[in-house]
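Asker: Based on the sequences and whatever the hints tell you, model everything.
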Amino acid sequence: MFRVIVVAIVAAAISAGCGKGNDSSRPAVTLQLNWKPEPQFGGFYAAEIDGIYARHGLNLTITAGGAGAPTVDMIGAGTVPFAIVSADEIVRARAMGNLVVALFAVYQNNPQGIMTRASREFKTLADVFSHPGILAMERGLPYSDFLQKKYGFGKLKIVPSPFGDLSLYRTEENYAMQCFVTSEPLAAEKTGIEPQTFLIAESGYNPYTTVLATSESYLKSNPLIVKSMIDAVREGWHAYLADPAKANEYMGRLNPTMDAQTFKDSAAAQKPLIESADTKRSDLGAMTLDRWQTLVQQLVELKVIDKPVDAQTCFAELSKAK
Amino acid sequence: MNASNFVRNVLPPIVPFVVVTVATELAVRQGWVPSFLVPAPSSVVLSMFRDWPELWRATLNTANASLIGFGMSAIIGSLVAIALSSAAWVQRAFYPYAVFFQTVPIIAIAPLLVIWFGWDRTVVASAFIVSIFPVIANTLTGLLSTDPALRDLFRLYDAKRMATLLKLRLPFALPHVMTGLRIAAGLAVIGAIVGEFITGSGIGGSIMVSRQQNRVDKVFAGLLLASLLGIVLFTLVNLISRLSLRHWHASEADT
Numbered sequence: 001m002f003r004v005i006v007v008a009i010v011a012a013a014i015s016a017g018c019g020k021g022n023d024s025s026r027p028a029v030t031l032q033l034n035w036k037p038e039p040q041f042g043g044f045y046a047a048e049i050d051g052i053y054a055r056h057g058l059n060l061t062i063t064a065g066g067a068g069a070p071t072v073d074m075i076g077a078g079t080v081p082f083a084i085v086s087a088d089e090i091v092r093a094r095a096m097g098n099l100v101v102a103l104f105a106v107y108q109n110n111p112q113g114i115m116t117r118a119s120r121e122f123k124t125l126a127d128v129f130s131h132p133g134i135l136a137m138e139r140g141l142p143y144s145d146f147l148q149k150k151y152g153f154g155k156l157k158i159v160p161s162p163f164g165d166l167s168l169y170r171t172e173e174n175y176a177m178q179c180f181v182t183s184e185p186l187a188a189e190k191t192g193i194e195p196q197t198f199l200i201a202e203s204g205y206n207p208y209t210t211v212l213a214t215s216e217s218y219l220k221s222n223p224l225i226v227k228s229m230i231d232a233v234r235e236g237w238h239a240y241l242a243d244p245a246k247a248n249e250y251m252g253r254l255n256p257t258m259d260a261q262t263f264k265d266s267a268a269a270q271k272p273l274i275e276s277a278d279t280k281r282s283d284l285g286a287m288t289l290d291r292w293q294t295l296v297q298q299l300v301e302l303k304v305i306d307k308p309v310d311a312q313t314c315f316a317e318l319s320k321a322k
Numbered sequence: 001m002n003a004s005n006f007v008r009n010v011l012p013p014i015v016p017f018v019v020v021t022v023a024t025e026l027a028v029r030q031g032w033v034p035s036f037l038v039p040a041p042s043s044v045v046l047s048m049f050r051d052w053p054e055l056w057r058a059t060l061n062t063a064n065a066s067l068i069g070f071g072m073s074a075i076i077g078s079l080v081a082i083a084l085s086s087a088a089w090v091q092r093a094f095y096p097y098a099v100f101f102q103t104v105p106i107i108a109i110a111p112l113l114v115i116w117f118g119w120d121r122t123v124v125a126s127a128f129i130v131s132i133f134p135v136i137a138n139t140l141t142g143l144l145s146t147d148p149a150l151r152d153l154f155r156l157y158d159a160k161r162m163a164t165l166l167k168l169r170l171p172f173a174l175p176h177v178m179t180g181l182r183i184a185a186g187l188a189v190i191g192a193i194v195g196e197f198i199t200g201s202g203i204g205g206s207i208m209v210s211r212q213q214n215r216v217d218k219v220f221a222g223l224l225l226a227s228l229l230g231i232v233l234f235t236l237v238n239l240i241s242r243l244s245l246r247h248w249h250a251s252e253a254d255t
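Keeping their order, the protein sequence lines are chains A and B.
Just so we're aligned, residue 1 is where the first sequence starts under my numbering, counting upward by one.
Just so we're aligned, residue 1 is where the second sequence starts under my numbering, counting upward by one.
Each hint should be verified, as a subset may be incorrect.
With a cut-off of at most 20 angstroms between alpha-carbon atoms, the simulated SDA-like pairs for lysine to any residue come out as follows [as the list claims (entries may be wrong)]:
hint, chain 1, residue 1, chain 2, residue 2
1, A, Lys36, B, Gly118
2, A, Lys157, B, Gly118
3, A, Lys303, B, Gln213
4, A, Lys155, B, Gly118
It should be emphasised that the hints constitute simulated quantities derived from the structure, not laboratory data.
Just so it is clear, the structure is predicted and the values come from calculations on it, not from any experiment.
Answerer: Okay, structure coming up:
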């Protein structure tokens, strides 16, 4: 009897080992997001729901993130093969020896903005910096250095970003905060305050954002998986842009902090930032050497990095299968 | 200090420190640990030198807020404990609410703190909230542990409540009070730094910005300074404890 039990346990262990993990046609890979599920990740989730990853031979899990998710570090440490980062993070990481490479840029134009109240009657972003008040932002991010260099922080009290928490925005009149133009302004309107938002990109700082990235070593050792991932992601974003409803509903269940209407409005608001002349010429997610070179140049000028990084190595141009 | 004293008292804490530091330095240089996750100790030292003005200013900020918060905890915490010890029903009614201070996650009430106290006092408020409970709990225990025989003695002499408090109960509660203050000292520093994550000032603010800049060396330099601050505060409380209890209590007597 004892021997039967031992054989049964060993058999169970062997068959468990021969499960999903050993299926070489569907390797398990993870995509780590740098924020909660929101329309900015719509295409990634659309690809999951429509089985696009599976069709491209990928067994993909999407892991949501939150405030301060160290996605750049996770790529470098090999914790995840794919993650979402921003272009300036990539340049900075490469300068420090963390060889992250960009694959697909969702936002062609940086959706970062500064949101304040319409009642303050500012006309341009410069007005925010020429009037006394509070500005809540992540001081360690390069765009903050850019704003400081361009406008100066002399008149403002700089405090940490509340990461979407509108409590102080609602109580203080002279409060301005960093935001994604597709997100916080919509939430502000819901609370009854009319927001006034200024795009950082219009001031001249415009890195690609919500960029799908991997490590150079992963790209070298798994070129087929990476290519399949890019193709799947591209298809997913086409599907999401055509009809965001299903993915929005799915993300709404994962992230109950935003209601269905806000998801809808945000998805509509982000379209002009995702599509550009480059994407029309090439395809969604396209990146150009010119943009990367400009970014590297700006980061050197801002002293975010000491020496320039080779812009060509920051992104991978795998053949675009249409 | 002679050689045997050195080997017995100074060497033991230093050796593990040296071993760990050398091991970490090796691990980072060999690439076993990614340098953007754990900085080489040499880079932390470099950061200390390079970023000293900024780090020092931040440390002074945090030290200031920690000390004020700790002082407030000590005074207000003791007063609350005295009030709680005055009657059994007072203790039953209000002591459970003191636990609130121990369990409330500061980050959750961050906007409230800013609205109530303003940006500059939020750090002190945070240090105070996080460090007050050990003072209340330990002081209360001390006040309730007076020798019943001595209490009866005071009652026999018809001593007034205030006299009993000042001449009997408080002195006898002192060892417990010191324990509470020792715990509160470290917590005040932690509380201050958590408050600084909200306001962006001091060591907490510096750590946050360094994290966002991916400057792990500067993050660890800040952590080191925060630890040193906690140790300094703790040593101060130990000193006060020694001075006040040295002559009459077993816990601080020289053996």
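Asker: Each hint: holds or not?
Answerer: Taking the hints in turn, this is what the structure says about them:
1. A:Lys36 / B:Gly118: Roughly 30 angstroms between the alpha carbons, so the hint for Lys36 of chain A and Gly118 of chain B is violated.
2. A:Lys157 / B:Gly118: Since the Cα atoms of Lys157 of chain A and Gly118 of chain B sit roughly 12 angstroms apart, the hinted pair holds (cutoff 20 angstroms).
3. A:Lys303 / B:Gln213: Holds. Lys303 of chain A to Gln213 of chain B sits at ~12 angstroms (cutoff 20 angstroms).
4. A:Lys155 / B:Gly118: Within the cut-off at roughly 18 angstroms; holds.
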